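Trainee: Taken in sequence, the protein lines are chains P and R.
According to my numbering, the first sequence is numbered sequentially starting from 1.
According to my numbering, the second sequence is numbered sequentially starting from 1.
Hints are computed from structural coordinates only; laboratory data are not their basis.
Errors might be hidden in some of the hints.
[To be verified] Lysine to any residue pairs mimicking SDA-like chemistry, simulated, CA-CA at most 25 angstroms apart: (1) R:K118 with R:E230; (2) R:K213 with R:A29; (3) R:K139 with R:L194; (4) P:K120 with R:K139; (5) R:K118 with P:R119; (6) R:K6 with R:K213; (7) P:K118 with R:V100; (8) R:K213 with R:N76; (9) R:K6 with P:D95; (10) P:K120 with R:A141; (11) P:K43 with P:E169; (12) R:K68 with P:L173; (13) P:K139 with R:K68; (14) R:K68 with P:A154; (15) P:K68 with P:R82; (16) R:K139 with R:K213; (17) P:K118 with R:N76; (18) P:K118 with P:E169; (19) P:K6 with R:A183; (20) R:K120 with P:H102; (21) P:K120 with R:D105; (22) R:K120 with P:L173; (23) P:K139 with P:R174; (24) R:K118 with P:D109; (25) R:K6 with P:N98; (26) R:K6 with P:R140; (27) P:K118 with R:G142.
Here the structure is a predicted model, which is why all the values come from computation and not from measurement.
Residue-level listing of the chains:
2 protein chains.
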Amino acid sequence: MLDQVKALTFDVFGTVVDWRGSITREGEALARTKNIHGVDWAKFAEAWRALYQPMMQEVRSGRRPWTKLDDLHRMNLDRVLRDFSITGLSEPEIDHLNHVWHRLDPWPDVVAGLTRLKRKYILATLSNGNVALMVNMAKRAGLPWDVILGAEIARAYKPQPEAYLRSAEFLGLRPDECMMVAAHNSDHEAANALGFHNAFVPRPTEYGPGQTKDVTPSRAWDVVAKDFGELADRLGC
Amino acid sequence: MLDQVKALTFDVFGTVVDWRGSITREGEALARTKNIHGVDWAKFAEAWRALYQPMMQEVRSGRRPWTKLDDLHRMNLDRVLRDFSITGLSEPEIDHLNHVWHRLDPWPDVVAGLTRLKRKYILATLSNGNVALMVNMAKRAGLPWDVILGAEIARAYKPQPEAYLRSAEFLGLRPDECMMVAAHNSDHEAANALGFHNAFVPRPTEYGPGQTKDVTPSRAWDVVAKDFGELADRLGC
């Protein structure tokens with residue numbers, strides 16, 4: 001059944017890259033440079049991320065016209081900076097901080113795992129991140145994608161069906177020729193309902209040491225692997 | 001002035017890959033397998049390619065709704081098979097032949113040149129080929145693109161401005177942060193009018209030994225290089 005899979009389509013934030021750790025590190029470095037005191041940057045990262053789904057929901061619902069993720073991130077950042085009473089950043093500094101999402105670090109197993117998987121499969125991003133974000137992240141981190149697909153190309157945010165279906169369509173593949181790779185059960189539920197195969201790679205510290213969500217599969221997904229190395233093993237790469 | 005260039009955007013058919021030679025070789029192999037006699041496969045390739053611009057013009061003009069290149073190629077193939085009186089191919093065989101565009105071979109300098117250029121620049125396709133065609137070609141030939149852009153993503157065929165402008169926009173770049181790499185002066189004229197920089201890499205045998213068009217630059221383009229190795233030299237890669 002998995003023999004028909006030709007492309008692996010990847011969730012990125014959380015699955016491929018460690019947004020919480022990366023933003024925490026960059027925030028702490030910024031705080032030292034700019035003499036910002038008393039900010040818990042892990043909490044800052046979590047607060048910024050917490051506004052992600054509600055803001056995309058504005059677009060999904062049609063209340064807001066299509067807006068790329070960089071711009072949603074910026075509106076959310078302005079709010080989080082206010083909530084954490086962080087002042088004294090210039091416009092270029094805020095803009096640079098907003099682009100931290102282009103500079104997220106991958107989990108340690110990612111580059112080696114993707115390099116193995118790429119020999120056998122088309123590797124596509126199927127993320128809500130916009131194209132420039134995905135391209136800049138990949139250049140910096142050495143992520144060997146074959147193609148950048150997902151929300152901006154489809155003009156629909158996951159879990160809307162169009163995000164998955166249009167990505168498969170751009171590859172000239174049926175959904176059952178694609179396998180979603182993601183650390184989030186909700187992403188798998190949405191993709192599976194459309195016919196995608198599913199490889200669940202939990203990232204149990206994505207939200208920090210106390211994480212309880214998405215540490216185990218919600219259903220018997222086709223593959224469950226602890227990291228991209230084990231995924232490559234399981235897929236015979 | 002070229003210091004601001006962050007992405008190289010590539011024309012593909014003719015500039016990166018040798019469509020005429022590749023189709024000729026595959027046609028000749030097919031003829032041996034299927035006992036097809038008396039076909040000049042270089043002429044066949046040229047005839048198929050000659051229908052390319054008129055068919056895209058149907059889409060550009062709005063007379064035909066958006067249609068991806070694989071499907072335009074197929075309509076043209078059906079006609080060329082009739083014109084060359086080639087019969088006896090099954091539907092799967094015709095479909096396979098239509099996908100020869102996914103299996104075109106690069107010019108000998110391409111893979112090494114792109115590998116050098118990739119260290120310094122974002123490498124994007126900006127072709128009229130559809131995404132699946134570009135991805136399959138790249139996997140087979142080892143073309144190290146960072147991102148697949150161009151006509152299907154923009155839903156506009158070059159030289160329509162949207163094909164170039166939307167590709168730059170997806171990268172989050174201004175046109176003058178992009179450099180078009182192409183073997184065709186007309187592609188450079190269109191991109192240059194929008195603010196792109198231009199690297200002309202002539203492919204003087206794209207149309208065979210008697211080629212007279214596009215063997216020299218029509219204007220003083222920013223860079224003129226004989227192949228992708230010289231282009232990498234000129235751009236300090």
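Trainee: If a hint holds in the structure, say so; if it doesn't, say that too.
Mentor: Here is how each hint holds up against the structure:
| no. | hint | verdict |
| --- | --- | --- |
| 1 | R:K118 with R:E230 | 14 angstroms, holds |
| 2 | R:K213 with R:A29 | 29 angstroms, violated |
| 3 | R:K139 with R:L194 | 31 angstroms, violated |
| 4 | P:K120 with R:K139 | 10 angstroms, holds |
| 5 | R:K118 with P:R119 | 19 angstroms, holds |
| 6 | R:K6 with R:K213 | 30 angstroms, violated |
| 7 | P:K118 with R:V100 | 22 angstroms, holds |
| 8 | R:K213 with R:N76 | 23 angstroms, holds |
| 9 | R:K6 with P:D95 | 19 angstroms, holds |
| 10 | P:K120 with R:A141 | 14 angstroms, holds |
| 11 | P:K43 with P:E169 | 39 angstroms, violated |
| 12 | R:K68 with P:L173 | 14 angstroms, holds |
| 13 | P:K139 with R:K68 | 29 angstroms, violated |
| 14 | R:K68 with P:A154 | 16 angstroms, holds |
| 15 | P:K68 with P:R82 | 22 angstroms, holds |
| 16 | R:K139 with R:K213 | 30 angstroms, violated |
| 17 | P:K118 with R:N76 | 33 angstroms, violated |
| 18 | P:K118 with P:E169 | 20 angstroms, holds |
| 19 | P:K6 with R:A183 | 33 angstroms, violated |
| 20 | R:K120 with P:H102 | 17 angstroms, holds |
| 21 | P:K120 with R:D105 | 20 angstroms, holds |
| 22 | R:K120 with P:L173 | 32 angstroms, violated |
| 23 | P:K139 with P:R174 | 29 angstroms, violated |
| 24 | R:K118 with P:D109 | 23 angstroms, holds |
| 25 | R:K6 with P:N98 | 20 angstroms, holds |
| 26 | R:K6 with P:R140 | 14 angstroms, holds |
| 27 | P:K118 with R:G142 | 11 angstroms, holds |
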